[in-house]
Amino acid sequence: MPESRVTTWVWGALVVITVGAGWLAPAAHTGHITVASLPITVLVLGLALIKSRLIIRYFMEVRTAPRWLKLTTDAWLAALFGAIMVIYIV
Amino acid sequence: MQILEQAQDLPTAGNIKAQWVSLWTGPAVGAVLLVAAIAFPGFWPPMSPTMSADQVAAFYADHTAWIRASQVTFNLCGILIVPFLSLIVVQMKRMRQTHVFAYCYLTAMVSGATIFALSNVFFLVAAFRPGRNPELIQLLNDLAWIVFIAPIGMVVSQFVLLALAVYFDDQEHPVFPKWVGHFSLIIAAAMVPAAGAAVFQTGPLAWDGLWSFWVRNGAYALFVIVMFFVLRKAIQRQAVDDGVISA
Amino acid sequence: MTRTEERTETVGRLPGDRDMWIMVLGDMTIFAGYFVIFMIYRAMNRQEFLVAQQHLNITIGVINTVVLVTSSWLVARAVQAIRAGDVQKSIALVVSGGVGGALFMVLKGYEWASKIAAGHTNSDMFYSFYYVITGVHLIHVLIGLIVLGVVVRELRNPARRRAQMVEIGATYWHMVDLLWVIIFALFYVMR
Amino acid sequence: MSTATRNRDVWWMTWFFPAWYAVFGVIICLLTRVTPPPRPDVTAAEKVAFFAQHHLTIQIGFTLLLILLGGAAMTNGLVCYQIKRMSVGSVFAYGYIGGMSVGALPGFLLVTVCFLTAAYRPDRNPELISLLYDLGMLSYNGSLGCFTAAYLVLAIAILYDRNEVFPKWFAYVSIWQIITEVIATQMFVFPSGAFAWNGSIAFWLAVVVFSVWLGALIVLLRRAAEEESAKESAQMVAAQ
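Taken in sequence, the protein lines are chains A, B, C and D.
Using our numbering, read the first sequence as starting at 1 and increasing by one per residue.
Using our numbering, read the second sequence as starting at 1 and increasing by one per residue.
Using our numbering, read the third sequence as starting at 1 and increasing by one per residue.
Using our numbering, read the fourth sequence as starting at 1 and increasing by one per residue.
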């Protein structure tokens with residue numbers, strides 16, 4: 001698959017995930033849901049993690065970058081999302 | 001200073017003329033500031049830090065007009081010393097070295113002048129409404145005196161930088177003679193103890209004390225007077241070197 | 001694929017330059033700090049944050065995310081275009097990416113104005129974070145527009161035209177996108 | 001003349017730079033207790049108690065700072081000198097010292113004077129002590145524009161420079177500094193929380209970024225001086 005086609009597919013995935021995640025948001029429902037929800041939060045954070053990694057790997061071209069950069073960006077993602085998750089649960 | 005006719009329109013002559021004018025702003029501003037200092041009732045003798053709030057308020061109420069007149073003069077004319085100090089920067093840039101000391105001096109000079117300007121404002125605000133709560137007048141008076149006497153860091157660094165620049169100037173004919181460096185450090189040493197004015201209420205280091213008031217201010221005045229003659233000589237030598245005046 | 005290309009493929013090639021990656025990784029770390037601190041305050045005021053979050057306009061949030069993701073995609077395409085030697089296409093793509101960024105700022109400005117008009121000022125803790133974090137992000141968008149402007153200017157000048165310059169600008173611009181995606185998840189969507 | 005002594009003065013200032021910041025760090029952290037900052041969300045009586053508790057160290061520390069205050073100007077003059085060596089001319093160098101010399105008053109002097117004035121008469125009306133406390137801390141932590149201006153001209157100078165006096169990434173680090181100053185605006189609004197003058201974002205994160213900036217600057221100033229020395233000895237060899 002040519003490079004530009006891959007980029008476009010990634011863009012399509014990002015848009016779809018965004019719209020899907022928007023549907024999960026509390027404000028998307030008129031019923032004023034004001035209860036915390038662990039499954040939804042996990043899902044939302046998981047989707048954000050996928051989106052972030054897609055942007056880093058494909059748009060920022062870390063996919064073909066040196067190993068140290070791949071490791072650094074993955075470590076950043078793991079540390080950030082790990083910390084967010086832990087703080088949320090605790 | 002008699003500029004040679006054939007050199008009149010040269011840029012070097014313009015430079016010398018500008019420096020010469022700046023040099024003479026020194027004594028002119030010095031004279032005005034001396035008059036202002038004489039006119040400020042709080043200097044004769046310097047107001048004691050041990051005065052109570054009511055006494056301070058009464059002092060401002062009794063001498064409002066003279067405090068305003070003298071401090072407005074300080075406010076208006078104090079920073080006019082800057083062209084004179086800039087002259088030192090210009091001459092430092094002629095010394096045989098990079099210009100780093102000159103830029104440091106310039107920075108310290110600007111900050112130092114700003115600090116001085118702040119003290120006049122505190123004096124003037126205290127005198128603005130003598131009917132204010134005495135505690136507030138005392139606070140403004142404390143701030144005015146502490147800002148006026150104690151923050152000597154900016155001037156001390158100027159003296160140290162000037163001394164360093166003089167010592168590092170290893171030309172055959174240095175811009176300033178070596179003793180200017182020693183002199184500058186002695187003045188710095190004489191002024192340093194005045195920082196104690198922000199702590200002590202009595203004794204020589206209090207803001208009305210022998211050291212913090214008389215020695216500190218006397219040392220600075222002496223520096224300006226001596227530098228007038230040092231700078232005059234340096235400019236004359238530069239003028240000769242540039243072929244602007246005859247030797 | 002020639003042999004040299006194959007080698008760079010396995011060793012890996014740094015897009016843009018080292019300096020911009022220091023900027024991007026450092027900025028990502030600083031923002032990670034903001035996010036973690038936000039989460040800590042959120043954990044301490046769960047219900048309050050959740051109620052305040054209801055008043056954010058999710059539709060604008062989704063639209064803005066799509067706008068920024070699309071803008072990022074255009075800039076990624078611009079990098080591919082300049083590598084293929086198509087300067088005009090690359091310029092057009094960078095400019096349209098910039099338009100996306102400008103549109104994002106307009107929408108964000110509208111969102112801020114309507115929130116403030118509705119009384120959701122920074123006296124509410126959730127909104128104090130919202131304004132600061134999105135505000136700092138907006139400054140990054142603004143810097144990004146300047147960066148994209150520089151890229152366009154360099155592309156127009158045949159003497160200075162370099163693919164690396166586009167890569168540098170793109171790296172920064174994708175970071176702006178990346179940070180927004182996380183802001184979107186934390187402020188708008190999670191419960 | 002020995003070789004490469006013409007920038008001996010630059011070397012002096014380059015060594016002075018970290019020395020001064022070390023002393024400054026000791027003064028503000030250990031003696032005067034303004035960094036990390038005392039709390040903004042306390043009553044006037046607690047502020048009086050703060051001054052009573054640290055009375056002596058505040059007086060020692062800040063009196064020392066009154067004497068050493070000029071060191072800030074000297075460190076900034078050195079950065080100005082290095083900017084002047086860039087290929088971008090003097091504009092940014094003058095802009096840098098302009099911003100920084102303005103910054104000396106709200107950034108250092110005002111907190112020094114306010115805290116010393118508060119410690120000067122501990123029996124002053126607590127409301128006035130409280131005023132001096134707020135005035136000192138807000139001007140010290142919240143003098144934003146002077147430094148922002150200096151960081152901005154520094155960043156632009158580095159990005160446009162072709163002599164490579166400082167690496168480009170340092171321009172970006174200076175931009176982070178601007179961002180932290182932007183966030184610090186919030187400390188004028190919030191007396192507590194993440195954006196207060198002792199807040200996790202407005203203060204702690206900012207301190208980390210500042211330390212990175214300062215540490216990098218110390219290293220880069222040394223590198224710039226080394227390169228200047230090398231260039232000069234090369235020129236001297238060429239001239240002989």
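What the hints contain is simulated information worked out from the structure, not anything from laboratory work.
All C-beta atoms in this analysis are idealised placements derived from N, C-alpha and C, irrespective of residue type, glycine included.
One thing to keep in mind: the hints can contain errors.
No farther apart than 20 Å at their CA atoms in a straight line, the calculated lysine to aspartate or glutamate pairs in the DMTMM-like style are these [stated by the list, open to error]:
hint, chain 1, residue 1, chain 2, residue 2
1, C, Lys-89, A, Asp-74
2, D, Lys-84, D, Glu-164
3, A, Lys-70, C, Glu-111
4, D, Lys-231, D, Glu-164
5, D, Lys-168, C, Asp-27
Okay, the calculated bits of chain A under chain C, using three or more residues with CB under 8 Å as the criterion [unchecked claim]:
hint, stretch
6, 44 to 50
7, 64 to 75
8, 78 to 85
Results of checking the hints against the structure:
1. C:Lys-89 to A:Asp-74: Roughly 32 Å between the alpha carbons, so the hint for Lys-89 (chain C) and Asp-74 (chain A) is violated.
2. D:Lys-84 to D:Glu-164: Holds, at roughly 12 Å.
3. A:Lys-70 to C:Glu-111: 36 Å, violated
4. D:Lys-231 to D:Glu-164: 13 Å, holds
5. D:Lys-168 to C:Asp-27: With a Cα-Cα distance of about 15 Å, the restraint between Lys-168 (chain D) and Asp-27 (chain C) holds, given a limit of 20 Å.
6. 44 to 50: holds (count 4)
7. 64 to 75: This one holds; 8 residues, not fewer than the three required, reach chain C with a Cβ under 8 Å.
8. 78 to 85: Answer holds; 4 residues pass the 8 Å Cβ test.
This entry does not satisfy hints 1, 3, going by the numbered hints stated previously.
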